Each structure stands twice: as structure tokens, then as C-alpha cells.
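Asker: Following the hints, position chain B against chain A.
There are 2 protein chains.
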Amino acid sequence: MNIGIIGLGLMGGSLAKAVKRYGIAEKVYGFTNSEKNKKDILELNLVDEIVDLETLKKVSDVIILSIPVDAIIAMFPSFLDIDEKTTIIDMGSTKEYIVKNIPSKIRKNFIAAHPMTGTEKNGPKAAIDNLYEGKTVVLCDLEANDNIHVNKAFRIFQEIGMRIVVMDSKEHDVNACYISHLPHLISFSLANTVMSHQNPKEIIALAAGGFKDMSRIAKSSPRMWGDIFKQNRENMLESIKYFEEQLNLAKNMIKEEKYEELEEWMKKANSLHEIL
Amino acid sequence: MNIGIIGLGLMGGSLAKAVKRYGIAEKVYGFTNSEKNKKDILELNLVDEIVDLETLKKVSDVIILSIPVDAIIAMFPSFLDIDEKTTIIDMGSTKEYIVKNIPSKIRKNFIAAHPMTGTEKNGPKAAIDNLYEGKTVVLCDLEANDNIHVNKAFRIFQEIGMRIVVMDSKEHDVNACYISHLPHLISFSLANTVMSHQNPKEIIALAAGGFKDMSRIAKSSPRMWGDIFKQNRENMLESIKYFEEQLNLAKNMIKEEKYEELEEWMKKANSLHEIL
Numbered sequence: 570m571n572i573g574i575i576g577l578g579l580m581g582g583s584l585a586k587a588v589k590r591y592g593i594a595e596k597v598y599g600f601t602n603s604e605k606n607k608k609d610i611l612e613l614n615l616v617d618e619i620v621d622l623e624t625l626k627k628v629s630d631v632i633i634l635s636i637p638v639d640a641i642i643a644m645f646p647s648f649l650d651i652d653e654k655t656t657i658i659d660m661g662s663t664k665e666y667i668v669k670n671i672p673s674k675i676r677k678n679f680i681a682a683h684p685m686t687g688t689e690k691n692g693p694k695a696a697i698d699n700l701y702e703g704k705t706v707v708l709c710d711l712e713a714n715d716n717i718h719v720n721k722a723f724r725i726f727q728e729i730g731m732r733i734v735v736m737d738s739k740e741h742d743v744n745a746c747y748i749s750h751l752p753h754l755i756s757f758s759l760a761n762t763v764m765s766h767q768n769p770k771e772i773i774a775l776a777a778g779g780f781k782d783m784s785r786i787a788k789s790s791p792r793m794w795g796d797i798f799k800q801n802r803e804n805m806l807e808s809i810k811y812f813e814e815q816l817n818l819a820k821n822m823i824k825e826e827k828y829e830e831l832e833e834w835m836k837k838a839n840s841l842h843e844i845l
Numbered sequence: 570m571n572i573g574i575i576g577l578g579l580m581g582g583s584l585a586k587a588v589k590r591y592g593i594a595e596k597v598y599g600f601t602n603s604e605k606n607k608k609d610i611l612e613l614n615l616v617d618e619i620v621d622l623e624t625l626k627k628v629s630d631v632i633i634l635s636i637p638v639d640a641i642i643a644m645f646p647s648f649l650d651i652d653e654k655t656t657i658i659d660m661g662s663t664k665e666y667i668v669k670n671i672p673s674k675i676r677k678n679f680i681a682a683h684p685m686t687g688t689e690k691n692g693p694k695a696a697i698d699n700l701y702e703g704k705t706v707v708l709c710d711l712e713a714n715d716n717i718h719v720n721k722a723f724r725i726f727q728e729i730g731m732r733i734v735v736m737d738s739k740e741h742d743v744n745a746c747y748i749s750h751l752p753h754l755i756s757f758s759l760a761n762t763v764m765s766h767q768n769p770k771e772i773i774a775l776a777a778g779g780f781k782d783m784s785r786i787a788k789s790s791p792r793m794w795g796d797i798f799k800q801n802r803e804n805m806l807e808s809i810k811y812f813e814e815q816l817n818l819a820k821n822m823i824k825e826e827k828y829e830e831l832e833e834w835m836k837k838a839n840s841l842h843e844i845l
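Protein sequence lines correspond, in order, to chains A and B.
Start counting the first sequence at 570; every next residue gets the next number (my numbering).
Start counting the second sequence at 570; every next residue gets the next number (my numbering).
Next up, chain A with everything else stripped away, as it sits in the complex:
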């Protein structure tokens, strides 16, 4: 089959590498709005050909949208004239708002997916081998899709080595919030706590593994994450509330010098790693 990828940054670029590597695509076509990225994509040889949108729509059996979540929605009108055999897969980090807005005319072709993988980097140069292998992809609300499209999506994700999990889009957004969106907001908050200190350089000079891990995802793209926080706003506000409650518990135990209780609370946190 021919695969057309719209957006060839970290996620799309790495997918282009994967579908080539596993021989899933005869041809990989790419489309991007960015002239700068176009140059990088060609230099990195990520796709067989960069084409315009109308060409990509015609020559692709599967179209993959790996662009920010608001941009996915903005593109919906461009797909209204798509062939009913063409599969469209979006790889956005939010699912409920996207699914709710898919035009009914393309609802059967449109697979809502979220590969649970990434790095803090972005752009075509961030594309890497093995981004998807061994990772989980969530597919949402498949009951609205035709089997031909579900099968194509399964085939692609399976053949690049992913574990497929099927879930309701509402449930996905709650889970993705706790496992990814909230941790990103916390990392941004920690980075800004240090950057707002009077001596950030002096503090950061002492950074070891713990801080590097805790601040790594604070390097992520503000543009991309702004859209995610917007689309998953209600879950974000709820999860922040629960996180604040936990932090507040800890703060009060320190304030009131209840260190035995604090140890018990930390033991509960330790227990996460019996599951993870």
C-alpha cells in the first residue's frame, strides 16, 4: 500500500522510517506546510516524495495525520472529498474532542489513534528509528469505523511492533491526562520554579539524574502542548486538583512535622512500581 504522512516531525518522521523499514509501504508520500521542514525532510530522506495535499489524497491508501491536535481538526474540511476506501489515521494525544468533530461523511474512514511514545524533541530532525517498537498505541471508538479501515490500521501498528489497546475516547482522555498530560504540566511547572529563582544557574549547576528526568519533558513544544491542554481542559483541571491535594498532604505533614505519616505516604508512592 501507499502511505501518505501529513506532518513529518518526531512522530510522523519516525513513522515514515518505520513503515519503510518493515516494508509496509510501497511508497511513502509526505506533505508539510513548512518550507524549512521540507528542506530537512528531503535531506533526511524521510519520504519517497513530498507532494501537495491534493496529490497525497489521491495516491495514498492510508493518510496519517501527525500534526498538533488543533491542526488535525482544522484539516477536516480538506478530507470531505476523500475516496471511501482511503483510511485516515490521526495520531493526536487527545481523542474525545477530535472524534466528536470528525465530519460524518468521513467518520467510517477515520481512525482515532494515540501512540503512547515520543521524546521531548520535535521537527523532522527529531525523527528516530525504533520510536514505536514495543510501545502501546490506543485506538478509540472503532465501532464507528468500517472494518476495512480498522484492519489497515491494525496491520500498520502491529507490523511496526506496537501493542494495540482499544478504548473509548473519553476513557482514553482521562488515562492520557494522568499518564502524560498532567506529568508534562508538572514538569513545565518545576522548570519554571527553578527559572524564576534568583540564581537558576547556580541551582542547575548541581543537576543530576533526578532533576534531568523530572525536567526533560519541560523541553517539549509549547505550541503542541497548548493545544493538548486546551482539548483535554476538563480532565486537566480535575487531575491538577487531585495532584494539588497530594502535594498539599505532603506539605502539611512536613509543616506539622508528621514524619511517620509522611513515610507511610511515600511507601504508598513506592507501590506504584509494583505495577509499573
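Please note that the accuracy of each hint is not assured.
All copies of an identical chain are treated as equivalent in the list; a pair is satisfied when it fits inside any one copy or across any two copies.
Okay, derived cross-link-like pairs now, BS3-like style, lysine-lysine, Cα gap no bigger than 30 Å in a straight line [to be verified]:
#, residue 1, residue 2
1, LYS770, LYS694
2, LYS824, LYS788
3, LYS770, LYS605
4, LYS810, LYS799
5, LYS669, LYS654
6, LYS810, LYS836
It should be emphasised that the hints constitute simulated quantities derived from the structure, not laboratory data.
Computed from a predicted model, the values in this text were never measured in an experiment.
Answerer: For chain B alone, coordinates are given in the frame of chain A:
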């Protein structure tokens, strides 16, 4: 020289490996209160000999304390009869409270150090090669030490490949709070947020690199961290306040849908990595 290490877990055990490997110590002696650890230390061959405390005090040119910060203070009376040529180095994560409590009789021999390295693991089996190489060690309030002791400490840390930074203990505790202690409390809080959810297993099944990084240090020892939060209590409370302010800023921008401001705030967080 002969080096005696009290506490042979992650930090002490890894130090024993390092001083042997670089040929710094003729003999490495160990002391531990734990019968279980004693067995592991012997099996792992971490030291030349496990001895009792009085023997260790007599045969060691340098004594290293790699035990929880409250245990360091509890041991002070045991060192009052130490030879004035014997150097004592503590490797605790807090410094001001420890320095303040060093008995005047051993103040000149006692070097307050904090190697900025570690993992989330503990116990003798957590000891690894290369824990110290290329990392930073902070030495505090050296003006109170005799040069002979400062020189021995410098020699050891330099020869195992560490970068030495000298700092006031008060300043150390502020910086260590932001770069290490606060991030640990945040990681524990995030882990407990997920563990308090109704479906932690379902959420954690989707964990990828971001969550794994953000929750890794929530695996750390509650016993050890309880003592650190206690000894650095005031800085902890202040840093939590500043972190809460940042999180609150973000929460309100999401609540009030000020996404352009939120992007600017995330860009500021990104700038941390121009320094780090």
C-alpha cells in the same frame, strides 16, 4: 590510605567500588548495623573486611558516613575519641543541620560533603560502577576544617572523577532543595495521584518514557527521604510554595482559556534547557 565506610548501600557501596578501582585505598573496611546487608556486602565483595565500629575507627585514615542524614547526627558521639589525623566525611543530602551539630571536638576533621548523584535504588545490591565519575560533589564550610582533612577529601573525590564545588552549607541546602529534594516530593506526589485514582492499573498500562521519568524517583527510600525533608524543612516549605505558585498560574491559564499566555509560560520553561 585505609578507608572505612559506614553504610554500604547505593552510595557507600558504589564508593567502595570506586576507591578500589582507582587504587586510592590500600584497604577498604566496612561497618553496617544490618545483618541482612552484611551478608550482601560479603557476597558482593564490596569491602576487604567488615569490622566493628571501634576497629574501623582505629584502622581508617578516612571514615566515610553514607547513611541517612539523621543517622549521621546520631553517630556524632561515637567519634568524639577519634584521632585528630583521622578524616571523617559525611555524604548526606542535607548540610546545614549536620554542620551545625558537629561536636566542636571533631569539627576540624569533619568534612561535610554531598555527591550530587544517585539512583532510586538502595541497599548493597544497588551499588554500581561509575556512580561518581563525571558527577559533582559539593563540599561545605571548609573554612572550619584543617587542611590535612580538606586535602584528603579533595584527593578522594578528584581521583574517582568528580567535579568539586565549594559552597556555604546554607546555600547548599537551598540549591539541593530545588534541584533534588523538591523534585523528589513532586515525584512522590505524582505517583500518589495516580495510585489514588480509581483505576491505577489501567492508567499505568499506558505509561511511556515521560511518566517513567517523572515517577522514577518516587521509588526512593521513604526512610531516607523522610529524614531529608525533616532536616531541610524550611527550604522545602518555601520551595513547595513557589512550585504551587507556578502550577497555579498554569491551572488558571487553562481554566480561563488563556492559551497564548500559557504558551509563553511554557517557552520560559523550555529556556531551562539552554542552561542545563
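Asker: Evaluate each hint against the coordinates.
Answerer: Now the hints, each set against the structure:
no.	hint	verdict
1	LYS770 <-> LYS694	within (28 Å within a copy, 35 Å between copies)
2	LYS824 <-> LYS788	between (32 Å within a copy, 23 Å between copies)
3	LYS770 <-> LYS605	neither (32 Å within a copy, 42 Å between copies)
4	LYS810 <-> LYS799	both (17 Å within a copy, 26 Å between copies)
5	LYS669 <-> LYS654	within (22 Å within a copy, 75 Å between copies)
6	LYS810 <-> LYS836	both (22 Å within a copy, 24 Å between copies)
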